[in-house]
Amino acid sequence: MCVDPHSGQKNFKTTDIPLNIEVGNIELREDSLHVKWINDIPGFQSHRSIIPLKSLRAMPDDSWNPHQDTSPSTWDARTMQQVMPNIRFDFTQYISGSKTFHEAIRSIKRWGIVFLTGVPECEEAVEKIASLVGPLRNTFYGKTWDVVSVNQAKNVAYTNKYLGLHQDLLYMENPPGLQLLHCLKNNCNGGESLFCDAFKVAGQLSASDYDILSREKIHYHYEKAGESYQRSHPVLEVEPEDQKDKDGLQMPSAVNYSPPFQAPFASNFHNSNFKDFVRSLGRFVQGVESPKNVIKYKMVPGECVIFNNRRILHGRESFEVQAGERWLKGCYLDSDVFLSRSRLVHKTYSFLVEKR
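Counting in full-length UniProt numbering, the sequence shown tops out at residue 356, every number present.
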């Protein structure tokens, strides 16, 4: 009565519930709790709530936490050397939607990055990999796009120059949650990929730096090729339900850092705070660029990296184009799409554990 049996959506508003509603009777059955109410919503007098016991057991203290299924584990270069074998997954097993796919999703949620191996060296493969998670994010770059060196590039990524650690599309209100890069060719000198866990770096900051970087915003923009995007973000996005890693270090819900697309600071930026902000940002950058926190990895054809664009910073060493080619095919997924799949995977794992 209170929920549509077909759509599963509510048939009432919270404000419809009388403030003097009371529990009339509770009956515990084998797998559910049956509750009869007194002073129920008018027209709902015969209404009885049926609550599955497993739902009660799974209900956390904070029932609205989008990150509750798998807690992130932060990493530095040393940790990643040990973790790397466990975040590499076979493409064929992944694409079958089997346990390997579930493990990959859980690893992305935990470590922020995974690698697929044995990926067919065709342009359609990256879309196939992403579509198993959910619908792709379409941007002015297209549904999928190529990372190759071209003349008069509209993006620094499309050159052979060194590309420092950054995140993509921060000039948008809702930057992509996941980024996928499938290596099709990489036989030139240089071109190693760089990755850094910005959550780890955030946890290494002092409380003062953490506070400043979560309050003051940086402006980002993209003004080229008939496009005009502008958006401001704090370096660290902090929410009440933000978690701590295994060492007790605070983790933000997201990080925003992309120097190539940073816009000029606003003229009304408080002068008294600016130097403090730059100092705090400098310490964050120092951590981001420390060899202790960065992994360098040269991808080979047939590999695809999937990483959290709101957590993992990525970059690239310069490379020579005179002898050889470097060609990656990429695409994006929104955070909501990934989190939806992650929750479903978590429920599947919980069910399998209960059945054992």
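Among the clues, some could well be false.
[To be verified] Pair by pair, the computed Cβ-Cβ distance ranges are:
hint	residue 1	residue 2	range
1	I26	K143	35 to 43 Å
2	K10	S232	44 to 52 Å
3	Q9	V285	40 to 48 Å
4	M84	T348	19 to 27 Å
5	E237	G142	23 to 31 Å
6	P18	S55	43 to 51 Å
7	D16	I50	50 to 58 Å
8	S232	N86	36 to 44 Å
9	G97	E27	34 to 42 Å
10	N86	N25	27 to 35 Å
11	R57	A207	46 to 54 Å
12	F140	R57	42 to 50 Å
[Said to hold, decoys possible] Calculated lysine-lysine pairs in the PhoX-like style (CA-CA distance at most 25 Å, straight line):
hint	residue 1	residue 2
13	K347	K99
14	K36	K10
15	K275	K298
In case anyone wonders, no lab produced these hints; they're calculated from the structure.
Backbone N, C-alpha and C fix where the C-beta goes; we use that ideal spot for every residue, glycine too.
Check the structure against each numbered hint from earlier and tell me which ones fail, lowest number first.
Per hint list: 1, 2, 6, 7, 10, 11, 15 violated.
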